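Participant: Go by the hints and put chain L onto chain A.
Taken in order, these protein sequences are the chains called A and L. The numbering used here puts the first sequence at residues 1 to 143. The numbering used here puts the second sequence at residues 1 to 138.
Everything labelled a hint here was simulated from the structure, so no lab data went into it. Nothing false has been slipped in among the hints.
Incomplete in silico selection of chain L near chain A, CB under 10 Å: (1) V97; (2) A102; (3) S107; (4) T109; (5) R112; (6) Q120; (7) V124; (8) G138.
Reference excerpt, derived from the structure (chain A facing chain L, CB under 7 Å, subset only): (9) A105; (10) V113; (11) S125; (12) L126; (13) G128; (14) S130; (15) A132; (16) H134; (17) V136; (18) A137.
What follows is a set of in silico ranges between Cβ atoms, one per label pair, in the way DEER data are often shown: (19) G63(L) to K54(A): 56 to 62 Å; (20) D110(L) to A77(A): 34 to 40 Å; (21) G63(L) to D64(A): 41 to 47 Å; (22) Y73(L) to P53(A): 45 to 51 Å.
On a predicted model such as this, the values are computed, not experimentally measured, just so you know. Ideal Cβ placement from N, Cα and C applies to all residues, glycine included.
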Amino acid sequence: MLVGAAIAPLGLLAGCSASAILLPDPDDSVRSDVAASERNLIAAYTSAISAYPKLAAVLGPLRDQHRDHLNAVGGTADELPGPSNSSTGAKAALSALTAAELVAARERVAQCVAAQAKDLAWTLSLIGSSEAQHAVALAGVKT
Amino acid sequence: MTEPILLASEELLSTLHGEYEAVYAYGLIGAHLSGAAEERARKALATHRQLRDQLRTSVADTGTQPPVPAAAYAPPTPVDSAATATALAITVERRLVRCWSALASSSTTDARINAARTAQECAVRAMSWGATSQPFPG
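Just chain A, same shape as in the assembly (with noise of 0.2 Å):
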């Protein structure tokens, strides 16, 4: 991590292809990482949507945006069915998927650091900053 942190500024690394390089990708597992905490979020919205229908119109474009992300870090679309949700009330089910957004965002810097190839640090940077703001949309919706 901190030889391609340091060489990355000088931009030696432009137009060095990785595929030249017969070594396992090392940003694999945090592409991983990453895919298994959207694929439980997208799980999370699936469970709070199908207990209370109401949500749909708020939460479904949440999850969308986190099938993009998954789609992003190269995650299959196959999903989990989902943890049945035992939060007691729609109120409850927001709490809960903000918190689990919070927890995201922050997940993402710490990925985004650990990112070795520039346009995956950026592309988590910016998943992140998406994630962030569903957390001040969940915050804000009437139950």
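Facilitator: This is chain L only, laid out in the frame that chain A set:
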């Protein structure tokens, strides 16, 4: 004096220009708002001034003379009402999410944490102006 061996990255310079633009824009924005919205613009202006100063220091630390701001920045659409002022605030914050994220991708660890967090703060500020969330803000 030794020759500067480090140069400010393109991302650092374009984020500084983005913050110069934000400081200019919020002056304009605040002039068309009143009450709580004007206060929000004033707070955003103070935040962006701090970010601008922080970036000028970062540029200077590379041994590069920080560029000066333009005398004026033309908004993409005319600002003549509270609605157009608010729209400009959203545009400015969203653009800065892109700038700070690009800076995060080109920085070393500490600067990267700061840049990625700042990108999130700009994204949240866009929401405070009524923006809708985006999968990849900007």
